[in-house]
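Trainee: Sequence:
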Amino acid sequence: MRRMTAARARAASLLCGLLLLAGCKGQEALPADQRIPLPQPAAEGATLSFDSAGVAWIGARGRLTGIDTTGRAVATVTVPGESVPRLLWRSGGRLVIAAGARRLMGADAAGGRASGGWGSPAMRVAARDPRGRWVFTANRRGGVVGLDAATLTPRWGWAETGGQAVGLAVSPLADRVYVSVERNEDVPPAVQVRDAGSGRVLFSAAQAEPLRGLAAGPDGTLYGYHGTGLVVRLRHGGDELRRIWAESPPVRGPQGEMEVRVDPSGRRVAVFGRGRGARLAVLDALTGRVLGQTNTAPLDAAFDVRGRLYLLEPAELRVLR
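Throughout, the working numbering is defined as the position within the sequence shown, counted from one, plus 8.
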C-alpha cells in the first residue's frame, strides 16, 4: 500500500512538472480561426488597415497592396519615396493614405500612383470627420488645420495652444475634436476638447502623462495609453473627461512603444507592443478586463468592418476568434 502511495505521489509530481512546463511555454490564449497567406512577405514596419469595402491594405516600402479574404491581391497603390504608407480610410472609390509621418495623399481604390494631398513638417497626427466633410490634422504646437476631405487641400486653421499634439480623435457626431498634447513648460499634458464648428477649446483635461494613440469608440468614449503602458478609457460628459477604467496589460517590448485598435462595434480593444518580447492583448471595452493575449506581437493589427481582429504576420494574416 505504501509503494502504491509513493508511486502515485511520483506520478502526481511528474504531472505537475509537465503542467508547469506547459505553462512556462505560454500557451496561445487567442487561437486563430483562419489563416490567409500573403501574396508577398511582410517585413518589420509593415502596416495593416481595412477599408469600408472589407479590403485589407498592407503597407510596404513605397506601396500599398489591397488583398481580399483569400489573400489574392486586388489592387496596388504606389507612393513616392521610401516611406511605408498606411491606409487611413476610404471614401467611395478614393483612398486617403499617410505617406510617412508628415504627408497625406489620395489614391484610387482600383490602384495606381498616389498623388496630390498635403504635407507639412509641423503635422503630427490626423483624424477624419465621421460625416466625411473634413480631415483634421494637429501640429507640433497643438494647432489644428482642416483639410477638404475630397482634395486634402487646407481650408482653415485653429489657433495653436502650445503643446505638441500626440493624439487626435473626432467624436462620432463630429461635434467635438479631441487633441492630446504633451507638457508645455509649466502646463501639464492634457486632452483638449474643442468645438468642431468654431475650434474653441471648451476645456482641457489634465493628464499625468501625454495620452497617445487616441481613438474614439462608436459610443463616443475615448481610448489611449500612457508611456508607462497604462491603457485608459475616458468618457466625455459636461466639462470633464471621466476615467472609466485604466489597465496595464503586459504587452510592451523593450522599446516601450504601443498601439491601440478599437473594435468598430465598441465591444473590444486590442493593444500591442513593438519589438522582441512584445505581445498583443484583447481587452473588454466595458471593463478593461483582459480577454486573452498572444505569445508574440504581430507586425500590425486591425479590425475589419465586421469587427474581426486580423494580425499581420510575415507570411500571413491571422484572423482571431
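Heads up, a few of these hints could be off.
To be verified - Label-pair restraints from in silico Cβ distances: (1) I252 <-> G140: 37 to 45 Å; (2) R102 <-> Q48: 21 to 29 Å; (3) G53 <-> G127: 17 to 25 Å; (4) G124 <-> A214: 34 to 42 Å; (5) R191 <-> A81: 21 to 29 Å; (6) G285 <-> S206: 16 to 24 Å; (7) R243 <-> P196: 44 to 52 Å; (8) S99 <-> A51: 27 to 35 Å.
Just so you know, these hints were derived from the structure itself, not from any lab.
Source: prediction; values computed, not measured.
Note that the Cβ used here is the ideal one computed from N, Cα and C, for glycine as well.
Trainee: Is 34 to 42 Å a correct range for the gap between the Cβ atoms of G124 and A214?
Mentor: Holds, at about 39 Å.
Trainee: Hint says 17 to 25 Å; check whether the CB-CB distance for G53 and G127 agrees.
Mentor: Cβ of G53 to Cβ of G127: about 20 Å, so the range 17 to 25 Å holds.
Trainee: Within 21 to 29 Å or not, the Cβ separation of R191 and A81?
Mentor: violated, 45 Å
Trainee: CB of R102 to CB of Q48, is that within 21 to 29 Å?
Mentor: Once the Cβ atoms are compared, 24 Å apart, the range 21 to 29 Å for Q48 and R102 holds.
Trainee: Could you check the hint for me, namely that R243 and P196 are 44 to 52 Å apart, CB to CB?
Mentor: violated, 20 Å
Trainee: Is the hinted range of 27 to 35 Å satisfied by the C-beta distance from S99 to A51?
Mentor: holds, 29 Å
Trainee: Between I252 and G140, does the beta-carbon spacing fit 37 to 45 Å?
Mentor: Violated, at about 29 Å.
Trainee: Taking the Cβ atom of G285 and the Cβ atom of S206, is their distance within the range 16 to 24 Å?
Mentor: violated, 46 Å
Hint check: violations occur at hints 1, 5, 6, 7; the rest are consistent with the structure.
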